[in-house]
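Trainee: Residue strings, one per chain:
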Amino acid sequence: MNAGNALFIVGALLCLVGALSTVIARSPIRAAMGLLITIIGIASLFLKLSAQFLAAIQIIVYAGAVVVLFVFVIMLIGADTSAGPPKSGGSVGSRIVAGGGMAVLSGLGLLLLARFDGQPVRFGPAAVGHGDVEAVGGLLFREAIIPFELATALLIVAVIGAIAVARSKARPRPAPPESHESKRLFHGPLHPRDAQRPLSKEPAE
Amino acid sequence: MPLTSVLLLSMALFCIGVFGVLSRRNAIGILLGVELMANAVNINLVAFSRFQGGVVGQVFAVFAIALTVAEVVVGLALVILLYRSRKDVRVDEANALSG
Amino acid sequence: MTFDVVYGLSPLLVVALGALLLMLAEAFGKPNPQGLAPTGEVSDAGAGRAGELGMGAAVVLFVGAALSLGVWLAGPDNLVGLELTRPYLIWDRFTVFVCFTLCLGGGLSCLLAGGYLTEHEIDRAEFFPLVLFSTVGAMALAAAGELLTLFVALETMSLGVYALVGLRRTPRSSEAALKYFLLGSFAAALMLFGAALLYGATGRTDLAGIGQAIAAIGQGEGPGAAQVLIALVLVVVGLAFKVSAVPFHMWTPDAYEGAPTPATSYMAVAVKTAAFAVMVRVLLIAFGDERLTSWASGWPPVLATLAVASMTVANLVAGRQSSVKRMLAYSSIAHAGYALVAVVATIRSPAAEGSILFYLLTYTVSTAGAFGALILCGSRGKEAVSYEDLAGIAKRHPAAAMAFSLFLLSLAGVPPTAGFFGKLYVFQAAIDAELYVLTVVGLLNSLVGAYYYLRVIVFMYMREPAPGATLAVPMRSGYVASALVIAAVLVIALGVLPNVTLEWAAIATVGRS
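Protein chains in written order, with this note's numbering: chain A, 1 to 205; chain B, 1 to 99; chain C, 1 to 513.
Because the hints were derived from the structure by calculation, they are not lab data. Think of the CB as a built atom: it goes at the ideal place given N, C-alpha and C, for glycine as much as any other residue. Incorrect hints may have been included.
[As the list claims (entries may be wrong)] Facing chain A, a subset of chain C residues (Cβ under 8 Å, in silico):
| no. | residue |
| --- | --- |
| 1 | Val59 |
| 2 | Val136 |
| 3 | Gly160 |
| 4 | Asn499 |
Construct all of the structure, not just a fragment, from the sequences and the given hints.
Mentor: As C-alpha cells, this is what we get:
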C-alpha cells in the first residue's frame, strides 16, 4: 500500500465516521462537528484525486464558513431547544421512512456498481496541471463566464433573502403600559400618523 | 485505485445524508443531512473529472459549493425566523410528508 | 454585433438592472410616514413605500415583457452574435416566449403586492428586489442549455421564493417556508446527484452534448446506461417537485397558504412556468434519445403517471377545501397535471411544445388574475379566506365578484376565455400523439374541476351571508385594480383571438435533433 492509497483510506474513514456522527448525534453541536470531520476527509480525498484548488476551497468555504455558521446559529437559538427529546411514536415512523428511503437509494447504488463490475475502471495517470488554480480558473473565467455572472445574482438573492427573513424587531417603539388614549398620544412616539389614524387597530365590534 | 471505490464512498455518504434528512426532526439536523448529500455530489464530480480528464467537473463542484452555501444562508435565516416565532425549530415531518 | 447581443439579452439585463436600482431606491429613499406599519419594527428607508416600489418593479417587468416582444419580432436568430452565449444560454424563440410569460406574471404579481403590502401593513420592501432577481433566475432557467447555468438559475429562482414565503412572519407561514425550503433543497440535492451521474456517464455538461452521448451509449448495457437511467429518475423527481406534481406536491398547499398572496401568485405562475420550460428542454434535448422517449423504456410512462395522479388527486382534494386560497393551490397542482399531459405528448406530436407554451401563458394570466381578485375581495382584518367570507359579495361589490368569476371561469376552461383554448390545444396535442387515455382522464378532470371553481361563483352570487358572520370587505387599491384590468383584458383577448399567439407559440420550439 503506497502513500496515496493510505491518504484515500484515511480520508474515506474520516468521511464515514463524520457522516455517521452527523446523522446520529443527539446534540446539534456534535452533529455539526461531525460535518466538519467529513469535510476534512473529503478535502484529503480531493488531494488524492488531484483537485488541489478544490481541496483548499473545501476547507476555506465549508469548514471556515458553513460549519461556523451552523455553530453560530445553534448557539444563537440554544443547543437544548433544537435537540429536543425524541417524541415517542413519531420518531419510530420517521426512522422507518428513512430506512426505506436509504434502502431504495442503496439498491440503486449497488445496481450502478454492479454494472461497473465487469471491467475494473481505474484512474489513469493525471494530466500535468490537472486541477490546479490555473486550469480551474481558466475554465471558470473563459468558458463558464455566463454561469459565473449568474452566480452573482444567486448570491445577492441569498443575501437579500436572508436579511428580509431574519431581520429582527431590533428597535421596538416604546409602547405605553396602558392603552388609555390620551396617554398614548403623549407618551408614545409622536408621529404624524398618530394624528390621522385611529389609535386602536382592532375592529370596533 | 479504482473509480468504483470512490463512487461507493460517495454513494454511502449520499445515503447517510438521505437517512439524516428523513430521520431528523429538527430543522438544523435536516439541513446538515442536505449538506452531506451535497458533499457526496462533490466527491462524485471530482472523481469523474479526474477520470474523464477535463476540469469541467471541478468547475461544476465549485458552483455546487456556491449553491450549497447560498442555500445554507437562506435556510438558517428561516430557522432563526421560525425560532423567533415559536421558540422551537422542530419540524413535524409527519405533517411535512403527508401535507 | 455588440448591440445585437445586448438587445437580444435585454429582457434579462433590464430586469437585473431594475432589481439593483430598486434596491438602491429602497436603501436611500425617504421613508413614508403615512404608510408605516405600527408594528414597532425597524423602519428602513423603503418602509411605507410598498405601493411606489411595487409600481417600479411592475414597470421594470413590463418593460422586460415589451423587450421580449421586440426580440421576438426581430427574431433571435437574426441577431448576430447571440449564438455566442450557447450552450450556457440558448436564446431561441422558445426562451423569448417564456421570458414574455415570466415577465408578465411577475409584473402582475408586483402590482398586486403594491396594493396588498400597503393594505396589510407588511413593511417588506425587500419583496420587490427578491421577485425581480428571482425572475432573472427564472428567465435564465428557461434559457439554460447547460447544467452549470441550469443549477445556478434554478437556485436563484428558488432562494428568492423561499424568502418570499417567509415574509409574513406568522408562526404558520414561517413553518411553511422552512418546510418548503427543506424539501426544496432536498430535491435540489437529489437533482444535483443526478447531474453528477450524467456528467460521469457522458463527460459533457451541455444538454446537446449529453443528448448525443446518450444516443451513442444507446442500447448498451454498460455502466453508462445504468447511470443515465438513475440520473433520469433523479432529475425527473427534482423537476416534478418544482412544478409540484403529485406525489411531490406536499409542500404546495402549506407554502401557498402561508405566503403573502402576491407571493403565492408569483410562485404559482412564474416558478411553474420556468420549471416547465426547463423540463421540456432537458427531457427533449438531453433525454431525447429514441430509446428514452419510447413508451416502453423511457420517461413518458413516468410523466404520464405523474400527470394522471396530479390531475385526479388535486381535483378531488381541492373540492374539499374550506379555504379559497388552499383551493387555488390545489387547482395549480391540477393545472401542472394538464401541462404534464402536453409534455408527454411532445414524444409524438410536434405541436405539443407550442401547446405547452400557450397553456402556460393562459394559465399565467388566469391564475394571477384569480389571486388578484382574492386580494381585492379582502381588506386588513377582513380578509377573504373561506367560501363563507365571500357569500353575497356580488351584491356589495359587483366589480370584484365579476372579475373573480371571469378568472375562475378561465381556470375551469369555459369557452370564451383564455383557459378554454389553453386546454383545447393541450388535449389536441395529446390526441395527435395518440394518447387517448390521458386525454379522456384530462377531460373528466376538467369536469370535476369545474365543480369547485363554480362553487366560489355560487357563493358569491347566490348565497346570503349568515347573520352576524364577519364579512370580507373589498379593499380599494389602484394597483390591484390595474393588475386585474390587465389580466382580464388578456384573458378575454386570448379567448376571443387566440390565433396569432398560437401561431407564435407553434414556431417556438426547443429545436430537438
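Trainee: A separate judgement is required for each hint: does it hold in the structure or not?
Mentor: Hints and how they fare:
The interface hint given for Val59 of chain C is broken, as the beta carbon of that residue sits about 20 Å from the closest beta carbon of chain A, more than 8 Å. Contact between Val136 of chain C and chain A, as hinted, is supported at the beta carbon level, the nearest pair being about 5 Å apart and thus within 8 Å. Hint status for Gly160 of chain C relative to chain A: holds, with the closest Cβ pair at about 5 Å, below 8 Å. Nearest Cβ of chain A to the Cβ of Asn499 of chain C: about 36 Å, over the 8 Å cut. The hint is violated.
In terms of the numbered hints stated before, the structure departs from hints 1, 4, listed from lowest to highest.
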